[in-house]
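Protein sequences, first through last, are from chains A and B.
Note that the working numbering gives residue 161 to position 161 of the first sequence, counting from 1, and the numbers run on in steps of one.
Note that the working numbering gives residue 180 to position 180 of the second sequence, counting from 1, and the numbers run on in steps of one.
Calculated from the structure, these hints are not laboratory results.
In this list, chains with the same sequence are indistinguishable; a pair is considered to hold if it fits within one copy or across any two.
Calculated pairs, SDA-like style, for lysine to any residue (alpha carbon to alpha carbon, straight line, at most 20 Å):
1. Lys17 x Arg102
2. Lys56 x Asp26
3. Lys56 x Arg70
4. Lys17 x Ser3
5. Lys150 x Asp127
6. Lys142 x Ser185
7. Lys142 x Glu202
8. Lys168 x Pro114
9. Lys142 x Lys190
10. Lys214 x Met172
11. Lys186 x Gly25
12. Lys15 x Glu33
13. Lys105 x Val81
Values in this document were obtained by computation on a predicted structure and should not be read as measured data.
What follows is each chain in one-letter form.
Number of protein chains: 2
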Amino acid sequence: MVSPGGSLLVAWQLKDKHVLIVGGGDVASSRLESVLAADARVTIICPSTGLHPLTKQFIAGPYQITYHDRVFGGTEDLAGVDMVLTAIDDVDQSRVICSLCRDLKIPVNVADIPESCDFYFGSQIRDGPLQIMISTNGQSPKLANIIKRKIEKSLPEHTGDAIEKVGKLRAMLKERAPGVGGEVSKRRMKWMVDVCNSLRIEELAQMDEQTMNKLLDEGWENDTVPRLRGLGIQRHLPISIPTVSTAMPTVLTFIAGFTCASMLLLSRSR
Amino acid sequence: MVSPGGSLLVAWQLKDKHVLIVGGGDVASSRLESVLAADARVTIICPSTGLHPLTKQFIAGPYQITYHDRVFGGTEDLAGVDMVLTAIDDVDQSRVICSLCRDLKIPVNVADIPESCDFYFGSQIRDGPLQIMISTNGQSPKLANIIKRKIEKSLPEHTGDAIEKVGKLRAMLKERAPGVGGEVSKRRMKWMVDVCNSLRIEELAQMDEQTMNKLLDEGWENDTVPRLRGLGIQRHLPISIPTVSTAMPTVLTFIAGFTCASMLLLSRSR
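Please take these sequences and the hints and turn them into a complete structure.
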């Protein structure tokens, strides 16, 4: 029933948490971007000679970053730290940092040394509130990347917008019908599911505050989801209207049939 | 440059780690499945009256589960625990457990109380070594689910198999050309990227050990990726061959053109 050998994929919360990054190269800069996107406070320890241009840009940017131009100094660098990411070439130093973190029960990821990692990173997609992670559990980072691009192409346009709008509608509904747990909670959840099932992602993304109020007034209050026409949302058709390029084969086939018949009949009539 | 407000999506490693689950209802059973898939050792604390049939099935199954038929007892239940997941209705008890975990620096997730969570769960896809997580950062679990189904449909068949095969090829290559870091590491990585770029996922999934050896003998040794024909892999065509149903409109359009011309010419010839 359970397929073993996997990882536990989770969305770690770093808001106002303190992340230490040891190293400043290209891997460190990508780690930096990931933790800044999760609203972490960051400390970077790395001699300035080892800073990647991107890392420099982040340090100079409008972020919560404290930078120390030196190598890792020992336990005192771990005081008040909630997560440690190292990306340095010195394997022995990496192992020392990992061991200190384990003693202090600080989650740690050491780039390129799987056994020194409490967690791994994967290929990621971000579109507003939407985050998708693709992990091959270390089997093929390249395929993870190829799959990531396929998924990016398959997502409807404005998916991030749709999620944001639905989140807003949900918050407005909670204001209108407050309460945690029990019947009201269940009714809210059911209605939100109905809304998400009745409208396409492209349609949900078109909602504005007026539409949301109409949905709540006419829908929630009457325990239904109103028709699109009344909501001022443009119907999104899954089947596209034929364009010149898609209609062309049909036109050409008709002409071919027409021409064949003409030639056949004209040649016989002579 | 950085889009804030997100989470840090990671693949947490639980092999031989000890996870405590407090609760035994349907949410707890889904947590249980997730951590068993990551090879965790699990302890469940829940009065037997509160066990969901699925949780019971897991407890009776061939898994590393220790079950205690009682409520949570306090700090002593957290000894040697690496992660805590609670899914109980008692909000006060949940907050107590969360606070104990924070004191002991044990990562904790309390179902339905976001502020008591160090991490969230999301919609997940699993196909062998492939794991995909979809998070809307709490905005819309239903849309996460809809997006999950869209992604499942968009993935090529046998994607999990392809990843497994590529992982095996990578291991065989590492045996043939061992060494960590430096030139050989770079050449290995580049060749693996070439292989993944040259073959489609459906084609990679067809590789057997013989194919892999051929790829290594003829490809790696000559610094190239051999053609499919020599590898015994069936070419996977992205454009499907027209079947009766897809060819029908074309045939009908031709007949329509033919008929129109015939009628026109025959009516004039009279």
